[in-house]
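K.L.:
If you're matching them up, the sequences are chains A and B in order.
The first sequence finishes on residue 115 if you use the working numbering, and the numbering steps up by one all the way, no holes.
The second sequence finishes on residue 114 if you use the working numbering, and the numbering steps up by one all the way, no holes.
No wet-lab data here; the hints were simulated from the structure.
For each residue, glycine too, the CB sits at the ideal point set by N, CA and C.
Be careful, since some hints might not be right.
Estimated spans, in silico, between C-beta atoms of each pair [to be verified]:
#, chain 1, residue 1, chain 2, residue 2, range
1, A, Lys17, B, Gly53, 36 to 42 Å
2, B, Ser26, A, Glu85, 24 to 30 Å
3, B, Leu82, A, Val12, 44 to 50 Å
4, B, Leu82, A, Pro55, 20 to 26 Å
5, A, Ser38, B, Ile51, 37 to 43 Å
6, A, Arg101, B, Asp9, 40 to 46 Å
7, A, Lys15, B, Arg42, 37 to 43 Å
8, B, Asn41, A, Asp18, 22 to 28 Å
Here are some chain A residues pointing at chain B (derived, C-beta under 10 Å) [stated by the list, open to error]:
#, residue
9, Gly28
10, Ala31
11, Gln50
12, Gly51
13, Ala93
14, Pro96
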Amino acid sequence: GAGVSQSPSNKVTEKGKDVELRCDPISGHTALYWYRQSLGQGLEFLIYFQGNSAPDKSGLPSDRFSAERTGGSVSTLTIQRTQQEDSAVYLCASSPTLVQRGEQFFGPGTRLTVL
Amino acid sequence: AQSVAQPEDQVNVAEGNPLTVKCTYSVSGNPYLFWYVQYPNRGLQFLLKYITGDNLVKGSYGFEAEFNKSQTSFHLKKPSALVSDSALYFCAVRDSAAGNMLTFGGGTRLMVKP
């Protein structure tokens, strides 16, 4: 079956612009996660959703970052007034349920470059 | 707080030789441990996990990992490396006492030379 998909695969933007990154999880997966992979920073957890709800937003790096999920499916990560330090690969993952023991299934990522 | 350390940025092995990629962790409760692999321009792919039970866990592509509670380690191993195993490997942990956040190590680049 189809895996997790993300769009766009690459995004180049100018400093100060807003960007939206999209994630389509595996059908039927109720849990969805966003991570950021930066050079020298490793993989950083940003936020997770159970259904449409995000119980813990403390991983978002600043108030310029927001995320939503609608219909228990597609999620959008929005970065407002982008800065150069936002340049990274943004990874989305999903899992069938929000279970600590379960593995997550990752998408290919969106590479964001802020000029 | 939960944490993961991968002490080696890069591991070099010759094809056909055994390989080990090291991982140590710190949690308050019980650890749920995972290994993922990332090929260039690809997302992370799940390799294997330890939840409970046997300390030796077998996973995809001939990889295995050994959970050692006393040493708080979960090293990834393979008896005979292939050039196609060259990739970036991430160890990750979830703390049973700390919710749903998955914490990743910094990654180890494995280079297998012919």
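K.L.:
Hints first: check each against the structure and report whether it holds.
P.N.:
Outcome of the hint check:
1. A:Lys17 with B:Gly53: 36 to 42 Å: Violated, since Lys17 of chain A and Gly53 of chain B (Cβ atoms, about 50 Å apart) do not stay within the stated range.
2. B:Ser26 with A:Glu85: 24 to 30 Å: 28 Å, holds
3. B:Leu82 with A:Val12: 44 to 50 Å: 36 Å, violated
4. B:Leu82 with A:Pro55: 20 to 26 Å: 42 Å, violated
5. A:Ser38 with B:Ile51: 37 to 43 Å: 29 Å, violated
6. A:Arg101 with B:Asp9: 40 to 46 Å: Given about 29 Å between the Cβ atoms, the range is violated.
7. A:Lys15 with B:Arg42: 37 to 43 Å: Violated: the Cβ-Cβ distance is about 28 Å, outside 37 to 43 Å.
8. B:Asn41 with A:Asp18: 22 to 28 Å: 25 Å, holds
9. Gly28: 17 Å, violated
10. Ala31: 8 Å, holds
11. Gln50: 8 Å, holds
12. Gly51: Status violated, d = 13 Å.
13. Ala93: Holds: closest Cβ of chain B sits about 8 Å from Ala93 of chain A, inside 10 Å.
14. Pro96: 13 Å, violated
Of the numbered hints listed earlier, those contradicted by the structure are 1, 3, 4, 5, 6, 7, 9, 12, 14.
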